[in-house]
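Just need the whole structure built from these sequences, with the hints factored in.
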Amino acid sequence: MDQLLQHALNAMILGGTYALLGIGLTLIFGIMRVVNFTHGELYAFGAYMMYMWVMLIGANFVLSIVLAVALGVVLGAAIEIVLLRRLRGADIDTTMLVMIGAWIAIQNTEQLVWSGVAKSINSPFPSAPLVVGAISVSWTRLFVFAVAVLLIAATYALIQWTRLGKAMRATFQDREAAALMGVRIDTVHTATFALGSGLAAAAGALLGPVFVVYPTIGDLASLKAFAIVILGGLGSIPGATIGGFILAFMEELGAGYISSGYRDAMGFLLIILILLVKPTGLFARKERIG
Amino acid sequence: MHTKTVKTASPSSCGRRVGSPPRASTTAAGLIAAGVLATALSTGSVAAQETIKIGVSQPLTGAFAASGNYVAQGARIAEDEINAAGGVLGKKIQLVIEDNKSNPTEAVATVEKLIVRDKVPVIMGAWSSTLTLAVMPKMQEYKVPLVVETSSSGKITTAGNPYVFRISPTSEMEAMSFRPLVAKLGIKKADFLNTNNDFGIGSATEFAKMLKAEGVQVGVLETMDPKANDFSAQLTRIKASGGDTLFVTTAVEQNTLILKQAKELQLKARIVTTGGSNSPDQLVTQAGDAANGSYHTVFFPPWFPEVVKNPDAAKRYMAEWKKRGHEPGGLTEGFRGYDGIFTAVEAIKVAGKAEPAAIKDALWKVKVPGVYGDIAFIKQGPAGSESGQNQPTVYLVKIDGGKVVKPEF
Amino acid sequence: MNRAASLAFVVLLVSLPLWMDNLYFLHVLIVAGIFIVAAMSLNLLLGFTGQLSLGHVAFFGIGAYASSLCSLGFEIHVWGDTTVSLAPKPVWLSMLIAIVVAGLCGYMIGKISFKVRGAYFVIVSVSFAEVTRLVALNWIELTQGPMALNNIPVLKLWAPGIGSIDIIGKVPNYYLVLAVAIFTYVIIRRLVYSQAGRAMIALRENEPLATSVGIDVTRFLVLATVVSAALAGLAGAVYAHYVRIVDPDVFLFIYTVTMVIMVVTGGKGTLAGPIVGGLIFGILPEVLRGFQVIPEVQWVVYGVLMILIVYFLPEGIVPAVRAAWRRRLDRPGAPPTRPAVAAEAKP
Numbered sequence: 001m002d003q004l005l006q007h008a009l010n011a012m013i014l015g016g017t018y019a020l021l022g023i024g025l026t027l028i029f030g031i032m033r034v035v036n037f038t039h040g041e042l043y044a045f046g047a048y049m050m051y052m053w054v055m056l057i058g059a060n061f062v063l064s065i066v067l068a069v070a071l072g073v074v075l076g077a078a079i080e081i082v083l084l085r086r087l088r089g090a091d092i093d094t095t096m097l098v099m100i101g102a103w104i105a106i107q108n109t110e111q112l113v114w115s116g117v118a119k120s121i122n123s124p125f126p127s128a129p130l131v132v133g134a135i136s137v138s139w140t141r142l143f144v145f146a147v148a149v150l151l152i153a154a155t156y157a158l159i160q161w162t163r164l165g166k167a168m169r170a171t172f173q174d175r176e177a178a179a180l181m182g183v184r185i186d187t188v189h190t191a192t193f194a195l196g197s198g199l200a201a202a203a204g205a206l207l208g209p210v211f212v213v214y215p216t217i218g219d220l221a222s223l224k225a226f227a228i229v230i231l232g233g234l235g236s237i238p239g240a241t242i243g244g245f246i247l248a249f250m251e252e253l254g255a256g257y258i259s260s261g262y263r264d265a266m267g268f269l270l271i272i273l274i275l276l277v278k279p280t281g282l283f284a285r286k287e288r289i290g
Numbered sequence: 001m002h003t004k005t006v007k008t009a010s011p012s013s014c015g016r017r018v019g020s021p022p023r024a025s026t027t028a029a030g031l032i033a034a035g036v037l038a039t040a041l042s043t044g045s046v047a048a049q050e051t052i053k054i055g056v057s058q059p060l061t062g063a064f065a066a067s068g069n070y071v072a073q074g075a076r077i078a079e080d081e082i083n084a085a086g087g088v089l090g091k092k093i094q095l096v097i098e099d100n101k102s103n104p105t106e107a108v109a110t111v112e113k114l115i116v117r118d119k120v121p122v123i124m125g126a127w128s129s130t131l132t133l134a135v136m137p138k139m140q141e142y143k144v145p146l147v148v149e150t151s152s153s154g155k156i157t158t159a160g161n162p163y164v165f166r167i168s169p170t171s172e173m174e175a176m177s178f179r180p181l182v183a184k185l186g187i188k189k190a191d192f193l194n195t196n197n198d199f200g201i202g203s204a205t206e207f208a209k210m211l212k213a214e215g216v217q218v219g220v221l222e223t224m225d226p227k228a229n230d231f232s233a234q235l236t237r238i239k240a241s242g243g244d245t246l247f248v249t250t251a252v253e254q255n256t257l258i259l260k261q262a263k264e265l266q267l268k269a270r271i272v273t274t275g276g277s278n279s280p281d282q283l284v285t286q287a288g289d290a291a292n293g294s295y296h297t298v299f300f301p302p303w304f305p306e307v308v309k310n311p312d313a314a315k316r317y318m319a320e321w322k323k324r325g326h327e328p329g330g331l332t333e334g335f336r337g338y339d340g341i342f343t344a345v346e347a348i349k350v351a352g353k354a355e356p357a358a359i360k361d362a363l364w365k366v367k368v369p370g371v372y373g374d375i376a377f378i379k380q381g382p383a384g385s386e387s388g389q390n391q392p393t394v395y396l397v398k399i400d401g402g403k404v405v406k407p408e409f
Numbered sequence: 001m002n003r004a005a006s007l008a009f010v011v012l013l014v015s016l017p018l019w020m021d022n023l024y025f026l027h028v029l030i031v032a033g034i035f036i037v038a039a040m041s042l043n044l045l046l047g048f049t050g051q052l053s054l055g056h057v058a059f060f061g062i063g064a065y066a067s068s069l070c071s072l073g074f075e076i077h078v079w080g081d082t083t084v085s086l087a088p089k090p091v092w093l094s095m096l097i098a099i100v101v102a103g104l105c106g107y108m109i110g111k112i113s114f115k116v117r118g119a120y121f122v123i124v125s126v127s128f129a130e131v132t133r134l135v136a137l138n139w140i141e142l143t144q145g146p147m148a149l150n151n152i153p154v155l156k157l158w159a160p161g162i163g164s165i166d167i168i169g170k171v172p173n174y175y176l177v178l179a180v181a182i183f184t185y186v187i188i189r190r191l192v193y194s195q196a197g198r199a200m201i202a203l204r205e206n207e208p209l210a211t212s213v214g215i216d217v218t219r220f221l222v223l224a225t226v227v228s229a230a231l232a233g234l235a236g237a238v239y240a241h242y243v244r245i246v247d248p249d250v251f252l253f254i255y256t257v258t259m260v261i262m263v264v265t266g267g268k269g270t271l272a273g274p275i276v277g278g279l280i281f282g283i284l285p286e287v288l289r290g291f292q293v294i295p296e297v298q299w300v301v302y303g304v305l306m307i308l309i310v311y312f313l314p315e316g317i318v319p320a321v322r323a324a325w326r327r328r329l330d331r332p333g334a335p336p337t338r339p340a341v342a343a344e345a346k347p
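Protein chains in written order, with my numbering: chain A, 1 to 290; chain B, 1 to 409; chain C, 1 to 347.
In silico DSS-like cross-links for lysine-lysine, where the CA-CA straight-line distance does not exceed 27 angstroms: (1) B/LYS365 / B/LYS155; (2) C/LYS156 / B/LYS113; (3) B/LYS143 / B/LYS367; (4) B/LYS367 / B/LYS353; (5) B/LYS119 / C/LYS170; (6) A/LYS278 / C/LYS111; (7) C/LYS170 / B/LYS53; (8) B/LYS379 / B/LYS353; (9) B/LYS379 / B/LYS349; (10) B/LYS212 / B/LYS188; (11) B/LYS209 / B/LYS398; (12) B/LYS113 / C/LYS170; (13) B/LYS309 / B/LYS349; (14) B/LYS143 / C/LYS156; (15) B/LYS143 / C/LYS170; (16) B/LYS322 / B/LYS309; (17) B/LYS53 / B/LYS91; (18) B/LYS53 / B/LYS349; (19) B/LYS155 / C/LYS89; (20) B/LYS398 / B/LYS268; (21) B/LYS113 / B/LYS92; (22) B/LYS367 / B/LYS53; (23) B/LYS184 / B/LYS209; (24) B/LYS349 / B/LYS92; (25) A/LYS278 / C/LYS115; (26) B/LYS403 / B/LYS268; (27) C/LYS170 / C/LYS89.
Note that these hints are calculated values from the structure, not bench results.
See below:
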């Protein structure tokens with residue numbers, strides 16, 4: 001019983017960052033119709049920026065997170081303006097190839113700059129964990145979870161209640177009609193990609209101090225984000241949120257009770273299962289034609 | 001010579017076929033590419049005839065990158081020290097260091113390159129046991145000797161490969177030297193967490209065998225992928241098993257995370273890391289107070305260099321390491337590369353020529369005063385095709401109050 | 001004339017080991033050749049049916065593992081005391097089994113994943129490759145996991161008058177890869193020019209239209225996937241018996257990307273495209289190394305090159321060269337051109 005509670009707690013905390021990753025990716029796909037292969041690289045970028053600010057410059061921990069996310073937003077906006085803007089209206093395969101090219105270039109630039117040796121980021125929280133009965137959790141992870149939930153809530157609020165959010169929703173539903181109504185599609189696209197990238201960078205900045213940072217961490221992050229959005233249905237934000245938690249629970253319980261080796265396989269097996277049973281995903285309303 | 005043939009071929013095939021459909025230019029593109037390659041290859045092989053090349057295959061990127069880079073840095077120190085003293089056989093030595101990316105197939109590719117392209121007469125590598133086991137058939141195929149500087153799996157020297165000379169201790173040697181400490185530490189029940197490769201599995205097998213012989217109960221044997229970084233599931237199970245000691249075998253990156261995550265989960269067991277690739281100083285800086293109370297086997301203790309067999313070599317190496325500003329945490333790893341290059345060069349000196357067969361024979365005769373101790377090879381493995389095995393000393397250290405100390409019993 | 005050029009190219013390749021004594025160059029060509037075979041098989045899906053399959057390395061890896069395991073033999077525990085074991089088989093038979101196994105996997109994956117299109121299809125194909133990697137990594141009893149399958153035997157061939165020969169070392173492997181590449185080229189060419197091939201191209205150009213004229217879309221997509229997977233499996237098997245070691249990293253996404261770059265650069269949907277792209281990207285790393293370019297920079301160059309090609313040469317090198325050639329020939333006074341072959345021309 002204690003073991004189960006501990007696994008559930010671990011999963012809950014992991015799920016928060018997974019949801020962050022998933023929301024960023026699904027947002028970009030839903031509004032821009034772009035399968036973003038650089039998503040994991042933004043995650044790695046966030047983690048490395050965190051390393052730079054905390055370990056090399058010695059900035060305050062919370063300030064470093066803010067700076068890492070802000071830089072992620074800037075990088076995302078730059079990718080959209082430089083690479084994607086001119087591809088508007090191109091078919092999905094073309095943009096995908098460009099994103100794969102960008103992914104390779106960014107990842108190897110990271111390796112060039114930071115070397116292949118893993119970096120570790122110190123956290124200012126006490127290393128003694130919070131203990132409740134037989135269950136314990138580190139303060140760092142609790143902090144990560146709290147910030148993740150905060151960011152998810154902020155994203156919902158932004159999409160629900162701001163002018164930009166309204167424009168994004170309009171674009172999501174019908175791009176042409178939105179453009180006719182005076183929505184500036186360019187701005188919406190840049191903002192969407194920047195927001196999605198910022199969320200990925202936030203996930204990286206938050207998990208960097210929990211794990212270690214090395215150039216290829218983004219690959220697994222990308223794959224997990226893919227699994228999450230397929231689970232929830234491409235373009236569905238609630239789907240990505242719930243999908244993130246489902247994936248975390250499957251992984252943690254699978255690793256705890258079935259085999260720790262197959263931990264990372266759980267998500268993909270789930271995808272294949274869902275495609276066999278309900279190819280429309282758990283929450284998608286639209287037809288599955290990209 | 002080949003370059004010319006190819007270059008004359010491409011314009012002519014272009015020129016003659018004006019009327020033909022574009023397939024011809026496709027062909028031409030291929031020919032030009034081949035020409036460029038031939039040029040690139042031939043310029044590469046001209047350089048440096050006056051040096052003796054020594055191949056090095058190490059994981060400079062990937063899961064074992066930290067350790068691999070330390071070994072390469074140690075090897076560079078040896079290279080410069082040997083060259084400053086006039087080299088060997090009147091020639092300078094030149095290391096050709098290839099990155100095997102912590103991957104066995106890549107390791108084979110590096111050895112292929114080093115032997116076929118760079119024509120090195122001896123190679124040092126390939127850090128982890130799996131990587132070394134992967135390259136061993138190639139060494140036999142090309143008849144080039146391999147100096148193994150880190151790997152610990154018993155399989156390496158018992159496989160019947162006569163081109164293998166290991167200066168690092170086997171897991172069995174390590175387990176045996178730990179044996180007297182079992183009673184002193186009061187170990188009653190032990191759990192294991194190791195990487196699911198030859199290094200981790202080999203160490204866990206040997207330690208479990210030794211502990212059982214000492215009457216210790218063996219609890220769970222958990223494994224992890226060398227690239228994994230979240231061990232909460234394994235550690236939760238280990239906590240439920242309730243042993244008093246947890247033996248961990250992996251490289252420094254994962255050791256750091258395991259110490260941190262064990263503390264987060266309030267694991268009570270004493271943690272002992274084996275394999276000697278644990279860089280205790282790095283654990284102190286990166287894991288902080290989560291490292292306190294843990295034990296580590298190392299094959300060179302830079303905190304008290306006076307205890308080793310050849311303190312002169314150790315101090316020379318340490319001084320140069322410090323001078324170059326390398327990570328202090330890498331001292332326990334870098335000496336492997338330092339000793340490995342000295343061993344290879346001593347063999348070249350004894351052989352009197354830089355040829356693989358002569359170096360292989362000479363390796364049986366070397367006696368190198370290294371950081372590992374006096375390096376010399378005894379025979380291991382099936383008769384007739386024995387591998388060479390050195391017998392170094394194993395040390396146990398403890399981290400206490402953020403410092404590495406000799407454990408007191 | 002067209003045939004003559006192709007023939008000259010083949011003659012050059014066949015005669016290469018006779019005048020090229022640089023063994024390392026042959027090694028580079030062998031590895032490039034294996035990837036060209038894989039890229040040609042990917043082109044069948046990517047270029048001719050228009051499905052961006054990003055899990056192609058799975059079939060390559062399955063071929064490599066299947067052939068290695070059959071030739072090494074294995075024993076696995078299924079349930080309780082029940083074990084399944086296989087005695088080592090000759091390598092030629094193992095390679096045939098590998099082709100069949102990869103083809104079957106292609107069939108199953110085709111059946112499942114062609115329920116969806118576009119972005120979903122891409123992500124599903126990526127996930128499939130990742131699952132195969134994780135299985136290879138964790139099913140240690142069968143695959144040895146991260147410890148890799150080592151000491152894989154080499155192919156033995158028997159020829160009348162010569163007797164039995166081991167395909168070991170550079171020259172025999174070079175000819176083996178060349179033969180496999182020509183075989184693959186012929187198979188794909190025949191398929192593309194057949195009725196099935198025309199159906200595939202039709203549904204690439206306009207799937208709803210193809211469906212409305214009665215083309216069974218899924219059937220042809222699955223057919224293309226099976227052939228493509230089987231050929232990729234063949235490439236994987238040849239690779240395994242050449243390098244003689246296979247580890248789970250053979251399933252890494254980066255290898256799929258390498259194949260995609262080869263196809264896209266050379267020209268998807270053209271028979272010569274993967275060959276041109278494969279030669280360029282198989283040989284480029286060595287050329288860059290000659291200029292002291294470190295691997296990371298090389299990969300950055302690859303990434304940037306890929307983006308530039310999509311922007312400025314979206315059809316790839318082969319169609320671009322062809323178009324330039326045709327423009328030159330269409331000038332007054334030039335000899336008349338033959339119309340381009342239907343399957344080779346992309347609109």
